[in-house]
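If you're matching them up, the sequences are chains H and D in order.
First residue of the first sequence: 1, per this note's numbering; consecutive thereafter.
First residue of the second sequence: 1001, per this note's numbering; consecutive thereafter.
Just to be clear, a hint being listed does not mean it is correct.
[Claimed, not checked] Once the Cα atoms are required to be at most 20 Å apart in a straight line, the calculated SDA-like pairs of lysine to any residue come out as:
#: 1; chain 1: D; residue 1: K1358; chain 2: D; residue 2: K1340
#: 2; chain 1: D; residue 1: K1418; chain 2: D; residue 2: Y1272
#: 3; chain 1: D; residue 1: K1549; chain 2: H; residue 2: D84
#: 4; chain 1: D; residue 1: K1425; chain 2: H; residue 2: Q121
#: 5; chain 1: D; residue 1: K1418; chain 2: H; residue 2: R62
#: 6; chain 1: D; residue 1: K1524; chain 2: D; residue 2: K1123
Simulated from the structure, these hints should not be mistaken for laboratory data.
In case you want the letters, here they are:
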Amino acid sequence: MTANRFRNRVCASLCAILLTCGAGMTCVAAAGPSDAGDEEAHVPAPATFDLTDPARIAVGRRRFDKICAAYCHGKEGVGGRAPDFKGRKDLPDEDAYKTIFYGRRNADVMPPWGEAFTSDQIWELVAYIKFLGTQ
Amino acid sequence: MKASSRKNFGVTPAAAMLAGAILSAFIATPAAAQTKPGFEDPNNWPEYHRTGNAWRFSPLTQINKDNVKKLKVAWIHQPGNITHGLQATPIEIDGVLYYVSANNNVWAVDAASGKTLWNYAPKLAPIVGQVFYGAASRGVTVGRGKVFLGTLDGRFVAIDQKTGKEVWSTQLTDPKTQYGALFSAPPQLAGNILFGGTTGGDQPIAGKIYAVNADTGKAAWTFDVIKNDPKSWPGGSGKVGGGSAWMPGTYDAKSDTIYIGTSNAAPDYYNYDRKGDNLYTASLLALDPKTGKVKWHRQEVPHDSWDYDSAYEALVVQKDGKDVIVHLNKGGFVFVMDKKDGKLENVWQFAEHMNWVKGIDPKTGALIDPVYPEIDKTKTFCPNLLGARSWNHGAYNPGTGLWYSHAMEVCNEVVAGKDDPDNLKAVSALSLGIESIKLVSPPNDKPYGRLDARDPITGKRKWTIRYDMPPLSSVLTTAGGLVITGDMEGHVFAYDADDGKQLWTFSAGSGLRGGPISYSVNGKQYIVVPTGLGSHAPGFLSGAYPQIKDLPGGAALIAFTLE
């Protein structure tokens, strides 16, 4: 995805948040991607490895099991309030990356992991999620 | 949801008659004339559990088992933001209802009409966008002319009760260095002291309880949940030992004592680096409100290795003429102890599926043959990390002498593992000490939930209702002979407090996670139910219940009355 397209998407998210904040309702500044700072700085760096590399998938699986699955997405990505990852083939790589990076807030809360993990550590999680999609 | 069965357990006619007679006496007597425990200030819901004994009991009788089927919606208040639903227990005092919705929005509402009187929306530090326990709060506290709020960015705030304007704000935690430690529960009053603990039981921090002067916001004392004792915490392990006090405590004015429970120890399942009893985690604390010093403590889960917080409400009832505390923990046991010194009176098993110990000695509290998690081994533990019940509170009715509490029978498979430092960099990071975890059905059973009506001292069950999915609502009981609660799908239920018979139901459209209350304004009784499924718990449970994925979120405070 180009930086421009990404900016538009962030704008769309921000607009959606603003549109839901009507009179008599207060929105805090911590509602989603718009708060993650300068979006230009967070354009995903491309993965430095092949996302189908079994060794990277294994690293991603371990990280997923220790954190993501533990509370939110379920073992092997089955469970949680998000759609199952197992068997899922409609998740573009960069969308998965950005959701991990920024987190998400709707009815539920996914915290952002962008400041915790390196780009490749996030891509390893994406590699595992893509692998689950083939299962 | 299908409430699949209701069972009664040997109610003697004599006992039923006695309970009925007591109940009739309450109904016949004007509520305002009562001065017995639980009957103070009968028309209001002035604090989190209504009274300091944590009964969640309303003495009102206008709505009762004979007419509850005529309940109608009086008004609905919608805060507008549904993130993590509505988790609060509202407060109602003299015709004004106070509650908090997502992102610390505080509302004062006309309790008879639902009209907004004022709204306070704090400006929160941007770091709240990074925390794990985002958006949600379980309530506010009202007193001394102020509404008190614990914030998502680690402050206590006082708001003018009449105008909704901020009176003072005191920063207590450092969210950046304390993994976003925030106040998800309302701070409580003990005289002029306002106290409360933070999130962080599953995070690499050393938990604290904070206290300030309620009138000025000036810091009064801080209590370190992690005891400074190398035997309890070898090798400095206490620095990352968890031990938060994330639920509201209670204040007993008679003995001038704060009672507050504490969380599990961290890393949750990886106990190898903290070989000690890990005080004061998984404990009930009795604190002096003036100094914050421990009067007594009872650790219920020494060397906790299963995420078995002991942070829930300290129910106070009478046993043999003296006050005892009845205290459920996540591990599925109820500790009954003398209120004055914590001496054990009994320990009884609440969870049906329980395998982490063979039992607990009811005289000493010692764990009998605990089974610990291990690295490289998958072990199934019951209850799961959400507990034999989540934090949704039970209720006690003096008319029936029964304690009504939900339960969940779900287990988890765990492989212990040392936390990877790379995974602990985020503000939202959890220190679970695992290689993997999976919520699963109990051995040879389906997962399920319950509403139990039990003798709080002995645990003897009078009736139970079984649900496919464990309800996450707190329970309300009334002198009208009712038990009010609701499920994850948004069904609100009124049951007969004597036998559990369903008397009324209403479909709210989204699940219940907060605390129903009752009060009276201008001679009319209301039952107010927070609806809107929220918190991380439904997500965790969906490992065992795939259908949770499709349950809608929401946020609506619904008031019911008879006309």
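**Study point:** Hints violated by the structure (listed by number, smallest first)
**Key:** Violated: hints 1 and 6.
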